[in-house]
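Peer 1: For the record, in the sequence shown the residue sitting at position 52 is 1264 according to our numbering, with numbers rising by one throughout.
By construction, these hints were calculated from the structure, which means they are not laboratory data. Every residue, glycine too, gets a C-beta built ideally from N, C-alpha and C. One thing to keep in mind: the hints can contain errors.
[What the hints assert, rightly or not] Using 20 Å as the maximum straight-line C-alpha spacing, the simulated SDA-like pairs for lysine to any residue come out as follows: (1) K1227 / E1354; (2) K1331 / F1353; (3) K1338 / I1217; (4) K1227 / P1339; (5) K1331 / V1229; (6) K1338 / V1361; (7) K1227 / I1355; (8) K1338 / Y1316; (9) K1319 / D1292; (10) K1233 / F1353; (11) K1237 / E1268.
[Unchecked claim] Beta-carbon label-pair distances, calculated as ranges: (12) E1236 / E1354: 18 to 28 Å; (13) M1323 / Y1376: 32 to 42 Å; (14) S1220 / A1257: 12 to 22 Å; (15) D1369 / Q1225: 23 to 33 Å; (16) D1369 / G1299: 33 to 43 Å; (17) S1329 / E1286: 25 to 35 Å; (18) L1293 / K1381: 38 to 48 Å; (19) E1354 / R1294: 25 to 35 Å.
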Amino acid sequence: MEKEILFSREEIQEKVVSLGKMIEKDFEDDFVVISLLRGSFIFAADLVREIDRLVEIDFLTTSSYGHSESSSGEVRFLTDLRTNIEGRNVLIVDDILDTGNTLYAVKEKLMTYKPKSIKTCVLLDKPSRREADVSADYVGFEIEDLFIVGYGLNYGDHYRNVPYIYTYKEKNEKL
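Turn these sequences into a full structure, and let the hints steer you where they fit.
Peer 2: Here it is in structure tokens:
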């Protein structure tokens, strides 16, 4: 197996700057960014630094993958918000939109807190795997159905710290 870099550190940085500027333009007031832990923490940190607006940041910890390469379909909430989002604009930030089960469950939960609006931002979108009726308002990159790691995305408890996103390919396989 050979490592294949899908998105370099520089490509990710350019995309994050672009997303940050779009979000900054679309949100007029201060708003709450909710990063879904643990996968989105690097992306969310880089993204909020590109937004020149008053932003409050909070976190939700969800789990649907465990140590597996694919989602179990069951979304568990391991932590809840500290911030009151009632009547406020909210931006959910996640690393990847895959089956959609997590983002769907998070949006449903947050709607019970009566925010003014909810928008979503994902670095990666894998539409071929969608199970839930959900899409993101802001998408960095659309990808095929590949198992990827790096830039916050993990396998087991590792690879989140890699500054680029990669997959593996067979050595004799042509791209």
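Peer 1: With reference to the structure, classify each hint as holding or not holding.
Peer 2: Taking the hints in turn, this is what the structure says about them:
With a C-alpha separation of about 12 Å, the suggested pairing of K1227 with E1354 holds against the 20 Å cut-off. Distance restraint check for K1331 and F1353: the Cα-Cα separation of roughly 17 Å lies within the 20 Å cut-off, and the hinted pair is therefore satisfied. Note on K1338 and I1217: the hinted pairing holds, with a Cα-Cα distance of about 17 Å set against a maximum of 20 Å. Distance restraint check for K1227 and P1339: the Cα-Cα separation of roughly 19 Å lies within the 20 Å cut-off, and the hinted pair is therefore satisfied.
Distance hint between K1331 and V1229 is fulfilled; the C-alpha atoms sit about 18 Å from each other, no more than 20 Å. Between K1338 and V1361 the alpha-carbon distance is near 14 Å, which keeps this suggested pair within the 20 Å criterion. The hinted pair formed by K1227 and I1355 meets the criterion: a straight-line CA distance of about 14 Å does not exceed 20 Å. At roughly 15 Å between alpha-carbon atoms, K1338 and Y1316 fall within 20 Å of each other, so this suggested pair holds.
A threshold of 20 Å between alpha carbons decides the hint, and for K1319 with D1292 the separation of about 13 Å falls inside it, so the pair holds. A threshold of 20 Å between alpha carbons decides the hint, and for K1233 with F1353 the separation of about 16 Å falls inside it, so the pair holds. Distance check on the hinted pair: K1237 and E1268 sit about 17 Å apart at the alpha-carbon level, within 20 Å; holds. Take E1236 and E1354: their Cβ atoms lie about 22 Å apart, and the range 18 to 28 Å holds.
Here the CB-CB span from M1323 to Y1376 is close to 35 Å, well matched to the stated 32 to 42 Å. A hinted range of 12 to 22 Å for the beta carbons of S1220 and A1257 is consistent with their spacing of about 19 Å. For the pair D1369 and Q1225, the beta carbons lie near 25 Å from each other, so the given range of 23 to 33 Å is met. Restraint check, D1369 to G1299: a C-beta distance of roughly 38 Å satisfies the suggested window 33 to 43 Å.
For the hinted restraint 25 to 35 Å between S1329 and E1286, the CB-CB distance of approximately 28 Å keeps it satisfied. About 40 Å separates the C-beta atoms of L1293 and K1381, a value consistent with the hinted range of 38 to 48 Å. Taking 25 to 35 Å as the suggested C-beta distance range, the pair E1354 and R1294 conforms, at roughly 33 Å.
Checked against the numbered hints given earlier, this structure breaks none of them.
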